[in-house]
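> Residue numbers (the numbering used here), protein chains in the order written: chain Z, 9 to 475; chain V, 9 to 475.
Derived by calculation from the structure, the hints in this document are not laboratory data.
Please note that the accuracy of each hint is not assured.
Which chain Z residues stay away from chain V? Per the calculated CB distances, all over 12 Å, these [as the list claims (entries may be wrong)]: (1) P105; (2) P112; (3) A280; (4) P401; (5) L441.
Examples of chain V residues toward chain Z, derived with CB under 7 Å [to be verified]: (6) T17; (7) D18; (8) L164; (9) R166; (10) H174; (11) M204; (12) L307; (13) Q309; (14) P312; (15) V340; (16) G342; (17) L381.
Per the computed footprint, the stretches of chain V lying under chain Z, defined by three or more beta-carbons under 8 Å from a beta-carbon of chain Z, are [claimed, not checked]: (18) 21-28; (19) 34-41; (20) 131-139; (21) 344-353.
In this text the structure is predicted, and so the values were computed from the model without any measurement.
Glycine residues also receive a C-beta, built at the ideal position from the N, C-alpha and C atoms.
Number of protein chains: 2
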Amino acid sequence: MLDITATYTDHYELTMGQAYFLNGRKDQHAVFDYFFRKNPFSGGYAVFAGLLDLLKILENFRFDKEDNDFLRAQGFHPDYLAYLKDFRFKGTLYSPPEGDLMFPTRPVLRVEGTLIETQIIETVLLNMINFQSLIATKASRMRLAAKDGTLIDFGLRRAQGLGGYHAGRAAFIGGFDATSNARAARDYSLRASGTMAHAYIQSHENELAAFRSFAAARPDECVLLVDTYDTLQSGVPNAITVAKEMENKGLRLKGIRLDSGDLAYLSKQSRAMLDDSGLHYVKIAASNQLDEYVIRSLLEQEAPIDVFGVGTSLVTGQPDAALDGVYKLAHVDGRPVIKLSENVFKITLPDKKQVWRAIDDQGQFSGADAVSLDDEKTISMMHHPFVPHQSFPLERYEVVPLLNLVMEGGKIVYNPPSLSRTAQYCRERLEMLPVEYKRFENPHIYKVGISNRLKDLRDRLIRQYKK
Amino acid sequence: MLDITATYTDHYELTMGQAYFLNGRKDQHAVFDYFFRKNPFSGGYAVFAGLLDLLKILENFRFDKEDNDFLRAQGFHPDYLAYLKDFRFKGTLYSPPEGDLMFPTRPVLRVEGTLIETQIIETVLLNMINFQSLIATKASRMRLAAKDGTLIDFGLRRAQGLGGYHAGRAAFIGGFDATSNARAARDYSLRASGTMAHAYIQSHENELAAFRSFAAARPDECVLLVDTYDTLQSGVPNAITVAKEMENKGLRLKGIRLDSGDLAYLSKQSRAMLDDSGLHYVKIAASNQLDEYVIRSLLEQEAPIDVFGVGTSLVTGQPDAALDGVYKLAHVDGRPVIKLSENVFKITLPDKKQVWRAIDDQGQFSGADAVSLDDEKTISMMHHPFVPHQSFPLERYEVVPLLNLVMEGGKIVYNPPSLSRTAQYCRERLEMLPVEYKRFENPHIYKVGISNRLKDLRDRLIRQYKK
Chain Z
9 MLDITATYTD
19 HYELTMGQAY
29 FLNGRKDQHA
39 VFDYFFRKNP
49 FSGGYAVFAG
59 LLDLLKILEN
69 FRFDKEDNDF
79 LRAQGFHPDY
89 LAYLKDFRFK
99 GTLYSPPEGD
109 LMFPTRPVLR
119 VEGTLIETQI
129 IETVLLNMIN
139 FQSLIATKAS
149 RMRLAAKDGT
159 LIDFGLRRAQ
169 GLGGYHAGRA
179 AFIGGFDATS
189 NARAARDYSL
199 RASGTMAHAY
209 IQSHENELAA
219 FRSFAAARPD
229 ECVLLVDTYD
239 TLQSGVPNAI
249 TVAKEMENKG
259 LRLKGIRLDS
269 GDLAYLSKQS
279 RAMLDDSGLH
289 YVKIAASNQL
299 DEYVIRSLLE
309 QEAPIDVFGV
319 GTSLVTGQPD
329 AALDGVYKLA
339 HVDGRPVIKL
349 SENVFKITLP
359 DKKQVWRAID
369 DQGQFSGADA
379 VSLDDEKTIS
389 MMHHPFVPHQ
399 SFPLERYEVV
409 PLLNLVMEGG
419 KIVYNPPSLS
429 RTAQYCRERL
439 EMLPVEYKRF
449 ENPHIYKVGI
459 SNRLKDLRDR
469 LIRQYKK
Chain V
9 MLDITATYTD
19 HYELTMGQAY
29 FLNGRKDQHA
39 VFDYFFRKNP
49 FSGGYAVFAG
59 LLDLLKILEN
69 FRFDKEDNDF
79 LRAQGFHPDY
89 LAYLKDFRFK
99 GTLYSPPEGD
109 LMFPTRPVLR
119 VEGTLIETQI
129 IETVLLNMIN
139 FQSLIATKAS
149 RMRLAAKDGT
159 LIDFGLRRAQ
169 GLGGYHAGRA
179 AFIGGFDATS
189 NARAARDYSL
199 RASGTMAHAY
209 IQSHENELAA
219 FRSFAAARPD
229 ECVLLVDTYD
239 TLQSGVPNAI
249 TVAKEMENKG
259 LRLKGIRLDS
269 GDLAYLSKQS
279 RAMLDDSGLH
289 YVKIAASNQL
299 DEYVIRSLLE
309 QEAPIDVFGV
319 GTSLVTGQPD
329 AALDGVYKLA
339 HVDGRPVIKL
349 SENVFKITLP
359 DKKQVWRAID
369 DQGQFSGADA
379 VSLDDEKTIS
389 MMHHPFVPHQ
399 SFPLERYEVV
409 PLLNLVMEGG
419 KIVYNPPSLS
429 RTAQYCRERL
439 EMLPVEYKRF
449 ENPHIYKVGI
459 SNRLKDLRDR
469 LIRQYKK
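Can you build the whole structure from these sequences, using the hints too?
Structure representation (structure tokens):
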């Protein structure tokens, strides 16, 4: 959809780029890690999403004429401007597949390349991965709550501007079935969904006339909004009238939609009225301020709702609204590096690393990932990152490396799966995650350990920097 | 920036459009109101923003070839598809200027045109106005808290995907001075700002070498990030060393930036160390999880911070993350209409309306807006919308109409001010708003009244629909 050029970045990437350029450091080899620090929504996991959009942006990452004019006006050095004119990203990325589960404080993406190119892409990488992962995670929680119910993204009108575009995609990865967002449906081959607003009803002389005209114009996909005037006194009875008229023409009303009031009560009453009229096949859709907790509550009350339309809380990832992913330098010009912090938990892990997911003999995630140096071919023992003398053997698990090559020399080098396949992968990975990590209230913490060599290196660097 | 086509909408706008088209109603005249129901952030006002972007989108609103192919595949009727191919928005909009203050439950935008065109633009209108108004409002709260401090948008990396683009613009309207978002700066002529990340420091042998190299590459705009290893033991002393070296070359270090730890404590210590070295001119910037409450607290503690870099909470509008703006039909085919609700406060106001802001003889907002029918030339008495026998005379106020023509026949018909002028207008309007509506805790409620004729019409329609 979107004309994203290389100025879709923080200005400081460009000022740092100039300093690297002018000081002859731009071609030093660098390794950055993307990771996040806190699971969103007080949950026990996050869903990794946004990779393919990011990689496509990186394949086409360049400064166009307007960018160059802008940068010239900002007073950048002429030699640097000349360099940026032909700038392309030629770096290499390692990551899990989209739809995989990710946990805090261990690398999710590893980016390698020249110092200048790995630096300049920082912002767009964070922007794409943080947001889509946030929304895919939110969507997956709603999927857990809704069980087999149909979930539809209704959020575009309350989305954060153009953020609504990628929200539709991310929601699908996390388990949504369809979206109201026609443009996202167009570009990502999602199922588009939507029937009528209150204005449609109001624009007619009365509700029954509105229902009839809509059924005439859209007989196959007719869902009638029943709460414009009075759901049980007017909306549902009129919908039943039209459903019966449709039956006489050999057609079937697809559903009714409740958009206000007590959805548990109204859905039960509506279901009974429909069933009493022999309209067992007419589905009930509900919308209005839904989130995973409301959906769970509705189903606990046995509300007979077949379709949930979710808007604001999905596409904005309320209440968090952001995933706190960061991008940290781990290795440069042959040297492993760390970032110190007064908060010991924020000290970064140095060097080029691999992350291993331990899977038990039942095919379930073991409850911990391990981080090693990249040249360790496997890992059989991991150590607590900060607490001395706490270690955990991994021999009885299968350990699978998560960071695999997806881009090399600035080109996508894997065969991207369809979005349906990605959503399926997310579902499979969630099934491998034990239930205690998926509960909404105080979920179990998915642990991380580090290899002996990584621990030694990190501790040596801490001592060295603190001197 | 963005290739927004007419499918950037909810699918139901298009299915309703088809029903209007097939049932011969598409050219009926319609009037819609945009309004919102609840001030964001538990505040006392909201800032209206996003208008010019919306109007430019509407001027260019069309279905491109990919849109048409998509809609054909969705099974829309061939005649409707042929109609959409040449669809243009030819409607008319009335609104206040961007940067004005707006309050709940009264119209902010009035859209007139054919039923089909006014319906189809609903989603993009809500998407643009809801989001930019949310962010401009958040920014204005930070401006109130920061007083004369410099405010810089650092949010792109945590923004909701492409939402970061318009967030930079909206933040400027609400009172921000600059943005890290180079693309927003480019397209909206904002001041771009940004210097260095921790990675820049880490990529050098040591912090002092990093500071020196950066000062060499960017002597005029050098702000040094001092918390990579240890702010007071290493970062500030090294910055002072470099500042002194710069002085020897006739240069001046612009500032230092604190990005972690206790910002109140560290800023005071840093200020003292800088001042002791005669570096009174070196400014202190602070970032890291700031919002309007943290900024207020820092200034209450007399933290000597000159520049606040605000990220996540600004560009995502935390904690609300959305403004609840809606778009409701008020008049169609010669008939005024309302939407009923079990919640009396959600019953809409019918017909084509004007909104009047009452201003007292001191040039201050009076504390209430009045809504009348559009053909009322002024208003001298307003009534409580729901409570009988409560009215309020407006004779001692100047009443100024807020909804003025901005688009006619699908063309922008006013001379859009520069964004600086819009930000200035926002500042002026905030100065006209008494302080009790601007406080963060339990702000006073800015009231709304309606004219006698509007009240009579609304009540008559309620009785009519309830029959």
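> Going through the numbered hints above, which ones does this structure break? Give me the numbers in ascending order.
12, 13, 14, 16 and 17
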